[in-house]
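> Protein chains in written order, with the numbering used here: chain A, 531 to 691; chain B, 537 to 706.
Simulated from the structure, these hints should not be mistaken for lab results.
Please note that a few of the clues may not be correct.
[Claimed, not checked] Pairwise CB distance ranges, derived in the manner of DEER restraints:
(1) F582/A <-> M640/B: 34 to 42 Å
(2) L634/B <-> V587/A: 48 to 56 Å
(3) S590/A <-> H538/B: 33 to 41 Å
(4) R600/A <-> L557/B: 42 to 50 Å
(5) V639/A <-> I540/B: 27 to 35 Å
(6) L557/B <-> W657/A: 42 to 50 Å
(7) V578/A <-> D564/B: 46 to 54 Å
(8) M640/B <-> L577/A: 29 to 37 Å
(9) H561/B <-> F576/A: 37 to 45 Å
(10) V593/B <-> V578/A: 13 to 21 Å
[As the list claims (entries may be wrong)] Far from chain A, some chain B residues (derived; all Cβ distances over 10 Å):
(11) G546
(12) L558
(13) S565
(14) A566
(15) G584
(16) F587
(17) I600
(18) I624
(19) G629
(20) L635
(21) K646
(22) T680
(23) K704
Note that beta-carbon positions come from the ideal geometry of N, C-alpha and C, so glycine has one too.
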Amino acid sequence: MCAQCLTLFALNSSLECFPNSVANYIDLAPMPDNYFVRYLPLLIHFLVAVGFASVVVTLSWLIGYRRPSRAKMSPYECGMTPIGDTQSRFSVKFYLVGMLFILFDVEAVFLYPWAVILRKLKMFGFWEMFVYIAIFLVGFFYIWKKGALDWAAPSAKRGEV
Amino acid sequence: MHLILFLIFGAVCVAGAVNLLLQHHPIDSALSLVVVMGALAAEYLLLGAEFVAAVQVIVYAGAIMVLFVFVIMLLNAGEEARSGGSRIAWVIGVPGMLLGGILMSWVLLKHSGTGQVEVGSLPGSPQDIGWLLFHDFLLPFEVTSILVLIAIMGAVVLASHAQSAEKKEG
């Protein structure tokens, strides 16, 4: 299984355009001509997902009963009577969380190419990622201390909902 | 098979982009953009750029779309008001776009020297990218973390301004 994984990653045939230092560190296994085959499960998954969704929706549209009444057509809101505009403004807190999510997501993405060559980088690789994460942690403690991760507390203190 | 899939996903991508422009509601446009991002990821995968494809899904289709939807919620954007489109856009924009497209395809066909390339023959695996990032371009990589640190602080500072403005409004 593990050997399979390794061959999956070693798919570089021509590395002439690379500096020699790079080529030496990358296994020069020939590019398998089954690149497409490796992603065939992904394609099947995609087709099954699209097919299942469209079949279910089409079937329920074809064989389902439709007897609309006023109560059925009214917007459902947890059994309460829907009041007011559906479009209320959301707090800026949502935006802040979305922004922080992107930034830490970008951090996590960099871990992936790092992890696959960690053994080649040896301890140097560990320390460079250590510095990288340390700088990120400064930001993490900053938002923690600023209370950006605290959803309810600041407004609750002032007696607001 | 490659070419067929490439063309299919390319068509999905363009259709999503056109739908994005035609939708009246910003949320519908945002959902079309997810389709565009997903189709682009499939195109990257077909070109042999596995890591870029994964990042396209994780960062663009995932995180950035979440931010887009939150911003639409924040701005409380409803149905767009339709205008006929400005005349300048039709007179200058459309011919300009056509000209630009023709010029670009001509330059690419004439001068880029692209022939046919086998999928995966160019470096694009996670290992290649990792080695470039963590060995050849180590300093720019570490500087990236400082850039993101500044972005984190900027987001918090901007949001706290907005939050105090929210409080004042009631």
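> Now, for every hint given, state plainly whether the structure supports it.
Here's how the hints hold up against the structure:
no.	hint	verdict
1	F582/A <-> M640/B: 34 to 42 Å	holds, 40 Å
2	L634/B <-> V587/A: 48 to 56 Å	violated, 39 Å
3	S590/A <-> H538/B: 33 to 41 Å	holds, 36 Å
4	R600/A <-> L557/B: 42 to 50 Å	violated, 37 Å
5	V639/A <-> I540/B: 27 to 35 Å	holds, 30 Å
6	L557/B <-> W657/A: 42 to 50 Å	holds, 48 Å
7	V578/A <-> D564/B: 46 to 54 Å	violated, 26 Å
8	M640/B <-> L577/A: 29 to 37 Å	holds, 33 Å
9	H561/B <-> F576/A: 37 to 45 Å	violated, 27 Å
10	V593/B <-> V578/A: 13 to 21 Å	holds, 18 Å
11	G546	holds, 15 Å
12	L558	holds, 21 Å
13	S565	holds, 16 Å
14	A566	holds, 12 Å
15	G584	violated, 7 Å
16	F587	violated, 6 Å
17	I600	violated, 6 Å
18	I624	holds, 32 Å
19	G629	holds, 31 Å
20	L635	holds, 33 Å
21	K646	holds, 22 Å
22	T680	violated, 8 Å
23	K704	holds, 13 Å
Consistency note: the structure conflicts with the earlier hints numbered 2, 4, 7, 9, 15, 16, 17 and 22.
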